[in-house]
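K.L.:
Protein chains in written order, with the numbering used here: chain A, 12 to 101; chain B, -16 to 535.
Incorrect hints may have been included.
[As the list claims (entries may be wrong)] Capping the alpha-carbon separation at 30 Å, the derived lysine-lysine pairs in DSSO-like fashion look like this:
#  : chain 1 : residue 1 : chain 2 : residue 2
1  : A       : Lys39     : A       : Lys22
2  : B       : Lys33     : B       : Lys69
3  : A       : Lys48     : B       : Lys314
4  : A       : Lys39     : B       : Lys457
5  : B       : Lys457    : B       : Lys302
6  : B       : Lys69     : A       : Lys43
7  : A       : Lys22     : A       : Lys48
8  : B       : Lys461    : B       : Lys302
9  : A       : Lys43     : B       : Lys33
10 : A       : Lys39     : B       : Lys33
11 : A       : Lys22     : A       : Lys43
12 : A       : Lys48     : B       : Lys69
13 : B       : Lys302    : B       : Lys314
14 : A       : Lys22     : B       : Lys314
[What the hints assert, rightly or not] Restraint-style ranges between C-beta atoms, simulated for each label pair:
#  : chain 1 : residue 1 : chain 2 : residue 2 : range
15 : B       : Asp323    : A       : Pro13     : 42 to 48 Å
16 : B       : Val123    : A       : Pro13     : 47 to 53 Å
17 : B       : Pro100    : A       : Pro13     : 34 to 40 Å
18 : A       : Met12     : B       : Pro131    : 49 to 55 Å
19 : A       : Asp87     : B       : Ala260    : 43 to 49 Å
Derived from the structure by calculation, the hints contain no laboratory data.
Predicted, not measured: the structure shown is a model, and the values here were computed from it.
Yeah, the Cβ is synthetic: ideal placement off N, Cα and C, and Gly gets one too.
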Amino acid sequence: MPERRVAVGSKVGLHARPAAMFVQAAAKQPVKVTIAKAGGDPVDARSILSVLALDARGGDEVVLVAEGDGADEALDELAALVARDLDSEE
Amino acid sequence: MAESLSGIGVSPGVAAGPVAQMAPPPVVPTDATPSGDPDAENQAAMAAMKAVATSLEERAARAPGEAASVLAAQAMMAEDPTLASKVTDGVQAGKAAITAVVDAFEEFRAMLAAAGPYMAERVADLDDLRNRTIATLLGVPMPGVPDPGHPFVLVALDLAPADTATLDADRVRAIVTEEGGPTSHTAILAKSLGIPAVVTCHGATAIPEGETVLVDGTEGSVIVAPDEATVTEALDAEQRKLAALQAVSGPGRTSDGHPVQLLVNIAGDKDLAPAAAADSEGVGLFRTEFLFLDRPNAPTLEEQQAVYQRVFDAFAGRKVVVRTLDAGADKPLEFVTVPDEPNPALGVRGLRTSRRHPELLEEQLTAVANAAAASEAQVWVMAPMVSTTAEAAAFAEQVRGHGLSSGGVMVEVPAAAIRARHVAAVCDFMSIGTNDLSQYTYAADRMAGELADLLDAWQPALLDLVRMTAEAGKALGKPVGVCGEAASDPLLALVFVGLGITSLSMAPVSIPGVRAAVAGHTLAECRGLATLALDAEDGRDARNAVRAATRA
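Go ahead and model the full structure; you've got the sequences and the hints to work with.
P.N.:
See below:
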């Protein structure tokens, strides 16, 4: 299954605004994407509560996994988003 | 028949309007029995969650700035697919809709709470969402701040920080709470928004929905079902009073010309524009906690510096007193606070956190110094919760070591006031935080509404500590300010001036009233009022004596 490993670029972590932006982007994808902290259980990337509960901090590595048509494109887009510092962008 | 209720006025002004009661959280029935039709249960649960999400989205669309993003984030939670599937799993397993909803929310609540104290606001959002969903399922009034669609007087048991985020200042004419105290969230919020407010008002939650009330946030009175003439008269009197206040402007002075600096308190750069526009001589308390709250790690040097720079630039040519990070007790921080302290108010908080994390203070001072060097503001820096002369000396030394001109301390711990002569000798200024100084002097938790009489800033023992601190400052030529909520009470401000206080810092909305009061008295008169207050038996007695003397 295609997967991407990426370090969280937002200093505040995948919380608050960065988490909301990530979940909104995941909901727009044609395939279901999961996100996990390295070694942790994967959760639905469209679930804001699950993403917040991951408690991924700035610099933590997360694993994104998807399957099916368009999986690679979806993962590329979401991985790029996670890598950015979303909180410092106005 | 008009009935009059009384409480403590915590935010000045007079307003009238129909009451909208804030409904209490719904009670979850413990005996909910499933209907035996899981599909119907599931449909009911999904419909309730959808209705809650839709209503939050509608409110987000109408809400201004910050409130809109809080509501939109909550709406996302209400539409969370994993939350929905947990509810569906629950009803399929034979639970009633309401039980499945409660259990699904509880599961996420536990996960978020486990992530640490900086997640507290999200947990509060989730609890609010849970209560809304349950209220919808049960068909009972929606909890949280009501939205009757017209201006109203908000009546509640008390307000939580989560309620206040969505409060629309244009709709809420006044706030009345049954509980809370002068230092509660309700009081601080109402003052910052300039909404008249009365707290600890017994009987308020029994006022019928829609009934007209006349609220006086200066006197602390609430008149239920007043006649029209009374309302018109009170609002006219308020207008005349405001006009009279605006007639006095410029730096604070007694009628015989003794200067008393009037400063504003700010807690971030969001309320910067109105605070900078206020007719003040600068900032007496710039709280910096907001930069550190609700996040898992400290802000960077650059991030801090940029915010300090914005504040200093807004107050170019004026004084800005920065208070270094005041974490701990009611403001826990993931990366600073010691978890599970048996008594956080007496624990590692304020300046004490720098014992464990000297690097945070060092970095904050560097950021302040960099921003100060690039600005026209006169930047002073002070530390919260200083207890000893040695702490004061070390802090002032550290501040000066960063090239900053003035390092001072907050006097919030009685020990610092008792040793004020020694403390004043080693630092550049002192600023009295009356809220914490009351709490520690009277051994009364500042959040305990029923101990409000002990936390009253008019209490003579507190005034004695203010006097000792002011006298020490005067003897050594060091300024001594008051930056607690107490400084915004025009009568008490006169007492502080009489005790020798050189600056008063408060919410911008309170400045005109204090300026007018000070301008109406000579320094000798203020000293006379201070003596009356010091000779009183308790806070109420002190206030009454001073009020009677100023009306004579």
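K.L.:
Tell me the numbers of any earlier hints that the structure contravenes, in ascending order.
P.N.:
4
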